[in-house]
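Q: One-letter residues, chain by chain:
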Amino acid sequence: MKDFAALFTAVDQTTKTTVKTKALAQFFETASDKDKLWTIALFSGRRPKRAVTTTQLREWAAERAGIPLWLLEESYPIVGDLAETIALVLPPAEAETDKPLAHWIEHLRALAPLEIEERRTRIVAAWDQLDATERFLFNKLLTGGWRIGVSRKLMTRALAQATGQDEAALALKLMGGWTPDGVTYRSLIEEHDPQADLSRPYPFYLAHQLDDPPESLGTSKDWNAEWKWDGIRGQLVVRGGDHHVWSRGEELMTDRFPEFARTRDFLPDGTVIDGEIAAWDAEAAMPMPFAMLQQRIGRKTVPKKLLAEARVLMLGYDLLEQGGEDLRPLPFAERRARLDTLIGTLPEDAPLRRSPLIDFADWDVLARQRATAREFRAEGVMLKRKDSPYLSGRKKGDWWKWKLDPLVIDAVMIYAQQGAGRRANLFTDFTFAVWDGDALVPFTKAYSGLTDDEFRKITAWVRKNTVERYGPVRQVKPTHVFEIAFEGIQASPRHKSGVALRFPRMSRWRHDKPKEEANTLADLKEMLAAYG
Amino acid sequence: MSDPVLTFTDRGIYCPAGDFFVDPWRPVDRALITHGHADHARAGHSRYLATEAAGPVMRYRLGEIDLDTIRYGERRRIGGANVSFHPAGHIPGSAQIRIEVGGEVWVVSGDYKTEADGFCEDFEPVMCHSFISECTFGLPVFTWESQASVAAEINDWWARNAAEGRASILGAYSLGKAQRLLALVDEGIGPILTHGAVEGTNGILRAQGYRLPETRQVLPDTDAKSFAGPLVLAPPSALGTPWARRFGASSSAFASGWMRLRGVRRRRSGDRGFVMSDHADWNGLIGAIRETGAENIYVTHGYTDIFAKWLNSEGWNAQVVPTEFGTDEDDDVVTDAA
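Chains as they are written, first to last, in my numbering: chain A, 965 to 1496; chain B, 54 to 391.
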């Protein structure tokens, strides 16, 4: 696996995507078909099944390293990655080998049927013949969570460079539910059979955030607008008499949302719709808060009660395929008109309805409409150029999300915890509180929004101003006020404050505000009443 | 029962028998200083005592101070205490301070490194009853490769950059780490340039007889692009600034013990991270503690809670002592980029 380790090192050492792409392309040019297939699989989120629990791994690693288990456990949050922690504590390898990536993947796939003692022997044996980087990668394969700075898009681009194939065509081949067991490198990449996988969705087209005023987009006449819903972006694929529901993360969610089985009654074969999956409040005729949908996402099989309480449907945005024909090159306005014709006349209780277009005469009118988004449980509006094709990935220019400004509240920091991974050693995870009389009531955590420099400053401050430690959590002297920005607020009996925020983050360090001037629980309750 | 040899006060580590402090962080009358880094050698004390080798840098950094110096191994009587300074292997002139009162021996480690680096004075274990030890890297994930293998990595990186027409900008602390790196790189690869902060210390150490390769300070009027494949040594804070962009195409790197962690390596967003520290690694700390023969271990800065817990589980009598060290300009990830 030395070539794969060298690839990882090359990619990990740089932040430049061109350098990463080149290193990956070189790997694709020289590696064996089996290694290539696994590399594609790994970088598109497909992992070998877990053969051991992380608890077992920790125990075995601690024993091999000759340290007590608690010491490994204490080191883990500081390193921030279990695979890395184990690779770092193990003694230097006793022997050296250079077996290919596919060999080690087979090695760990062969573990599943074995007795636990035998699994342990084989894993320790692997550690004893891998160098530090190889060990880290081997552990990553064992523990899952394969995030090493190479996006699927970058991998696809490198593969396109190495094979001379078109990037978009390759991206389509890599979509869907294939596994390295069911295909070969040849059948997946080299053979041209667009019908090979009827369930395959199209690569999603993603919008950029609009930061400039909409006037920067030119005349409003060229644009369509619709609500930006707070659900899960998905594709409904109906082909070969079957239906498949994909999330934007390319997770197959068909079984989680049995509601969509009915769509086969309405939609002909060869139909693909892009839309937002949302839990639907039929009475109010708007989506339910995201928390309701979240309950559904969490469950592979849905209890009847929940199915009734949080009925799911898709708000259709776009028609990508009709009669088996790929419509993506057509202008959005044309696709949208076809979508309206196709699903505009479905019964009221169908699990599919149009996401309405917003009427607007000019940008000012739209700006006023946008300001009312929260009343419809929307996050803002989407702007789509009428003549835009359906591209793949996040591309600037034709599609924009124009979100509402977030809600904000000024809060006092009361607890701090060190981050993990890239942020190990910095205090980055904070708990914030608002005033309830003389008491500070915690109401949210936040991890992001500060600059690296601010994180360093607050870390130095936390170290000197810790009042009490509870394991990794430090209670700090209430001193600093931060503006917390968030997208939504809901009642939550599980939280002391009675509210839960959506996407909270630190938007500003209020050096100008003493802690006494932070907001109160009453302010928070007022926001709940207005927007909950 | 008599007073302990050393006590821990809000001004620092104090010796009642000798009425002096070791590396105090608030102004005191008499301060014994282990080494010249800013968190150990602070301004404002009335009288200082440090090794002869540490003296020039302390004067350079602290200006006019009342400084008395002492040779390594030399014994001196201060009040009721016998004191001596012994090499700590951290940076040139760095010392552990041995303090004996009525036959009981305590040693304050200051910062230390057990591997000989061929540049500063080699660490010497000192037998004692009680040992006050740093533990900056007191976790088993921190183990260092030999200096020779890290030197080879650095030279490879520099040589490759030079061959491809790039400058190699290496971020390292201006006192200690920078000079250690200068002493181990292969001068044959190309010219070596320095930032003013590094060159200032270079001059002082050269005058003391420490051997360093030829370096050239980058001045405001220096044509930084006129050198072929140079190695540029600069404080970490200079990386990514307009100063660093003067060299044109370049590759940047840091050398620090924290580079052992992938997360930190990536956060620093240099192109490379070399794992090289002037502090002892996990095995170095344990080896040093064993060699003192001490029963009582006081751990000061670093992963103190975890390290003390481990020492206790292994039969030592270990305690955590809160100090204000550890905002060390060498090897502290929090402050070093500021």
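Rather than coming from a laboratory, the hints here were simulated on the basis of the structure.
Cβ coordinates follow ideal geometry from the N, Cα and C atoms, glycine included.
Where hints are given, some of them may not hold.
What the hints assert, rightly or not - Pairwise CB distance ranges (calculated):
#1 A/Lys-1477 with B/Glu-267: 36 to 42 angstroms
#2 B/Asp-175 with A/Thr-994: 45 to 51 angstroms
#3 B/Asp-276 with A/Thr-994: 56 to 62 angstroms
#4 B/Asn-370 with A/Leu-1270: 55 to 61 angstroms
As the list claims (entries may be wrong) - Some chain B residues well away from chain A (every beta-carbon gap over 12 angstroms; in silico):
#5 Glu-198
#6 Gln-261
#7 Leu-265
#8 Arg-313
#9 Asp-324
Q: Run the C-beta distances from B/Glu-198 to all of chain A and say if the shortest one exceeds 12 angstroms.
A: violated, 9 angstroms
Q: If I take the minimum Cβ distance from B/Asp-324 to any residue of chain A, is it greater than 12 angstroms?
A: It is violated; B/Asp-324 is separated from chain A by about 6 angstroms at its closest Cβ, not greater than 12 angstroms.
Q: Closest CB-CB distance from B/Gln-261 to chain A, is it above 12 angstroms?
A: B/Gln-261 clear of chain A: closest Cβ-Cβ about 33 angstroms, beyond 12 angstroms.
Q: Between the beta carbons of B/Asp-276 and A/Thr-994, is the distance compatible with 56 to 62 angstroms?
A: violated, 42 angstroms
Q: Just tell me: holds or violated, for the beta carbon distance of B/Asp-175 and A/Thr-994 against 45 to 51 angstroms?
A: At roughly 46 angstroms between Cβ atoms, A/Thr-994 and B/Asp-175 fall inside 45 to 51 angstroms, so the hint holds.
Q: Can we confirm that no CB of chain A comes within 12 angstroms of the CB of B/Arg-313?
A: B/Arg-313 is in fact no farther than 12 angstroms from some Cβ atom of chain A, at 7 angstroms.
Q: Is the distance from the Cβ of B/Asn-370 to the Cβ of A/Leu-1270 consistent with 55 to 61 angstroms?
A: holds, 58 angstroms
Q: So is B/Leu-265 really clear of chain A, every C-beta pair being over 12 angstroms apart?
A: holds, 28 angstroms
Q: Taking the beta carbons of A/Lys-1477 and B/Glu-267, is their distance inside 36 to 42 angstroms?
A: violated, 54 angstroms
Going down the numbered hints, you'll see the structure goes against 1, 3, 5, 8 and 9, while the others check out.
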